[in-house]
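Student: Protein chains in written order, with the working numbering: chain A, 16 to 262; chain S, 130 to 486; chain Z, 22 to 269.
These are computed hints drawn from the structure, not numbers from a lab.
From a predicted model like this one, the values you see are computed outputs, not experimental measurements.
There may be inaccurate statements among the hints.
[To be verified] Coverage of chain A stretches by chain Z, computed from C-beta distances (three or more under 8 Å per stretch; other residues unrestricted):
1. 92-104
2. 193-205
3. 225-236
[What the hints assert, rightly or not] Simulated restraints on C-beta separations:
4. Z/T166 - A/L243: 32 to 38 Å
5. A/L243 - Z/N140: 20 to 26 Å
6. S/K186 - A/G161: 44 to 50 Å
7. A/A34 - Z/K212: 37 to 43 Å
8. S/D200 - A/I56: 33 to 39 Å
9. A/I244 - Z/T210: 54 to 60 Å
10. Z/P218 - A/S107: 56 to 62 Å
11. A/L243 - Z/R23: 55 to 61 Å
12. S/F202 - A/F108: 38 to 44 Å
13. Z/R23 - A/M234: 44 to 50 Å
14. A/L243 - S/K207: 40 to 46 Å
15. A/G161 - S/S142: 29 to 35 Å
16. Z/T132 - A/V112: 53 to 59 Å
C-beta atoms are modelled at their ideal positions from N, C-alpha and C, and glycine is treated no differently.
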Amino acid sequence: MKLSTNTATQQGSLAHMTATDINAVLVTLQLAGATTLILMIIGTPIAWWVARSQSWLSVLVSPLISLPLVLPPTVIGFYLLILFSPDQPLGSFWLQVTGDTLAFSFTGLLIGSIIYSLPFYIQPLQVEFSNIDQNLIEAATTLGAGPSDRFFNLVVPLSTRGFLIATTLTFAHTVGEFGIVLMIGGNIPGETRVLSIALYDHVETLQYASAHFLAGGLMLFSFCTLILIHIINKGSLTMVSAGARKN
Amino acid sequence: MNIQAQIEFTRPSGFSLNTQLKIGHPGVTAIYGQSGAGKSTLLRILAGLEHGNHTDKINITVDEHIWQNQDQFLLPEKRAIGVVFQDQHLFPHLSVQDNLLFALKRQHSPSSISLENIIAWFELGPLLNQKVSLLSGGESQRAAIARVIINAPKIILMDEPLASLDYPAKQRILNCLKILKEEFQIPILYVSHQWDEITQIADEVQYIDSGRITHKGDIATMSTSFELGLYNGDSAAAVIYCKVIRQDSEYGLTQLKFEQNDLFVNQLERSPGETVRLIISARDTSLVSERPEASSILNILEATVDDFLTEDRTTLVRLHCGQQNLLARITRKSADAMQIRKGQQLFAQIKATALTR
Amino acid sequence: MRHLSLLIVILLSCNPSIADGKTRIAVAANFQSTLEALIQQIPATLPEQYQISAGSSGLIYAQIINGAPFDLFLSADTERPLALLDHNIGVPESLWVYARGRLALWAPKRTKPWDDLFNQFRGKLAQANPNFAPYGRAATQVLKTGLFSHQPQPVLGNNVAQTFNFILTGNSSLGFVSLAQLLDAGISTEKYWIPEPKLYDEIQQSLIVIKDTSGSQRLIAFMNSRAGREIIHEHGYATGQLGSHDSN
């Protein structure tokens, strides 16, 4: 059974692959979107606490958060594989509740993505938070604003740049996720077969035309993301935060 | 309005604050002292912005409510305190109007003060939609004070509010503050190291040195006291209170009654019967042993020498005039020539144009 | 000028394939341990002569196409070596089926009889990706024969090694791996079931010489010998082919 590399078959494969690739795009977008949303909810208070806390605990937590930056994704994936196993407490709990394993599921991927992209959300936001002038917060306090009032009506508007960068980076980073998905995904179409896996499959099956197509698309996406972040950084989108920089 | 505070507070740098603060009346209480004496720290502790640690002892009671003691700590956002900082701290992401609305929305107590009035009094009309970063120093300080007032606090703390402003801006705001005092009846704690601001606005002065409040008294007494080094250079001035008698439009003057004397000043926008505060600089006051027959100086007041202080080239003389005091700075030569001594009866001369309000 | 040529000679001699005559082998992951066992036993040859890189055949192929300096490629299939030849890489006469893989179904926690399992199992079954992993393709072929009453949902590993891992960590309770892996891991025979070889296309693992070295020649000769084939059998593969070498 010789796999042919002539053009006709390539084009036929191209047409065939496009349908499943679109599926992979959808899964990828869902994964990136869900990861970003969840990180917005749980990551924002963590970023705030690390940025403002004086306690020794925050000194410990900060490197922990950065860990996924330096750990190879395959290491994270490997430990997740063990953690998700039905022989372990988390895996068996999940099995009992849902009847399914955490590995090879979208939820399992989601957990992996959240860990993988955690520092990409928290760090830009944390930097932004720590740059907010403490005096402004004190002024809001004396005007009668309590902690959540201050956070939503002062801190958040002053940190739009940080939020934009954090969410953009998180989304883009999750789109590119591969090592973890490779370890725990199981390549299930519509559930765990993300773009990077689809690309890998095309390479493995010698379908280089499709691989080029996907890879080119991912490159374009990454490039646009970087342009967007560059624009945000330059301040064309958020001019106000500049006024609150401590100098 | 009754504020009682006992504070023992130390920082690792060696700075310490160890003092009692009592304020029992409305009006402006000034906290006066040199930089580093602890004035700002005192305000921050009152506002609840500094917690202190477990070795510090802080007790604050306001109108029988405990704000802070060893066991309790009322959060700063719940203390109805307004703070005006030297750097304004207007919110940069909001316009001037939105800054005011932010404060309005979080009023500490229902208030009869209307936003329109505040905008008018502080002349913020044309600035309402301005970006905060484009305001001048004086404009943003006016906006900051307006923001604090609309917030309806029970006390206003001001920490060197005029320090970064030029003279015209300062005067403009001091005039606003005088209105504030009269219209709003909110007690103000005014921290400054500028004596000429304090003489214009304070009713009581508390003097702080190295973290302790060492002297306090009403402004008139404190301004003529020799103890505190307030008499340095040109800032020596007596604060006195007079009553308006009538306006003299022909000559552009106002006639006032000061103790038993008549006093003429440049025209003031006041009605007869009103009490007016005047600040008379010591160097604008000269002395004469006998009432001159005809003098260009309009104001010649009978007074008795209470005490005097001899310095290198000048002598500062404190005079009793009825119940109030005046200060005069004369050359040592003249003092010797006139044989200045306690109990001596003299006349003080003050030019009408020299008086400030 | 003399210094420059001296420098060049030194730099060139740092290239291992010229200086110390090592043979660099790229091998499919599933055959790695077998290859290591073979290398230990080649007569009159030190194991250090060989440098082994194990991985997925597809990736190795992509690397070789792009110039990776391997001397010998032991693939998990025959397509990849053929594809290399298409690209004028490799010595055509060296193409040789060095082993035939055997598929096995592994159920580490099995308590029921196999028939019950085949009738009742509903769930996810781990296998290698049929699109590019030969053991995966074989697994799919076996599944197509209607082995299970309820067609299980496949969980795909990129290669049979990853599939093995899925089952080993307990994330899959059932899956198709290679017999070689099970033997290597010493899994007890009652935990696995071997499908008839006729149910699936032979998993013909072929090698190709890319750059001839004395090391490659000795290895291939050994693999062809009786002693070599015994080792290959022990590790769960069948040997021999219809072709230019001895068949067994």
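Student: Hint by hint, note whether the structure agrees.
Tutor: Verification of the hints:
1. Here the segment 92-104 of chain A counts 7 residues with a CB under 8 Å from a CB of chain Z, which clears the bar of 3, and the coverage holds.
2. Counting residues of the segment 193-205 of chain A whose beta carbon lies closer than 8 Å to any beta carbon of chain Z gives 6, which reaches the threshold of three, so the coverage claim holds.
3. Counting residues of the segment 225-236 of chain A whose C-beta sits closer than 8 Å to any C-beta of chain Z gives 0, which falls short of three, so the coverage hint is violated.
4. At about 52 Å, the beta-carbon gap between Z/T166 and A/L243 misses the expected band of 32 to 38 Å.
5. At about 55 Å, the beta-carbon gap between A/L243 and Z/N140 misses the expected band of 20 to 26 Å.
6. Restraint check, S/K186 to A/G161: a C-beta distance of roughly 27 Å breaks the suggested window 44 to 50 Å.
7. Distance hint for A/A34 and Z/K212: a CB-CB separation of about 39 Å, consistent with the stated range 37 to 43 Å.
8. As the Cβ distance of S/D200 to A/I56 is approximately 36 Å, the hint placing it in 33 to 39 Å holds.
9. For the pair A/I244 and Z/T210, the beta carbons lie near 58 Å from each other, so the given range of 54 to 60 Å is met.
10. Distance hint check: the CB atoms of Z/P218 and A/S107 are about 37 Å apart, inconsistent with the given range 56 to 62 Å.
11. At roughly 57 Å, the beta-carbon separation of A/L243 and Z/R23 lies within the given 55 to 61 Å, and the hint holds.
12. In this structure the supplied range 38 to 44 Å holds for S/F202 paired with A/F108, their Cβ-Cβ distance being about 42 Å.
13. Range check, Z/R23 to A/M234: about 48 Å between beta-carbon atoms, so the 44 to 50 Å window is met.
14. Between A/L243 and S/K207, the C-beta spacing of about 42 Å keeps the proposed range 40 to 46 Å intact.
15. Look at A/G161 against S/S142: about 31 Å separates their beta carbons, and that is inside 29 to 35 Å.
16. Separation of Z/T132 from A/V112 is about 23 Å and departs from the stated range, judged on CB atoms against 53 to 59 Å.
Violated hints, listed in ascending order, are 3, 4, 5, 6, 10, 16; each of the other numbered hints is respected by the structure.
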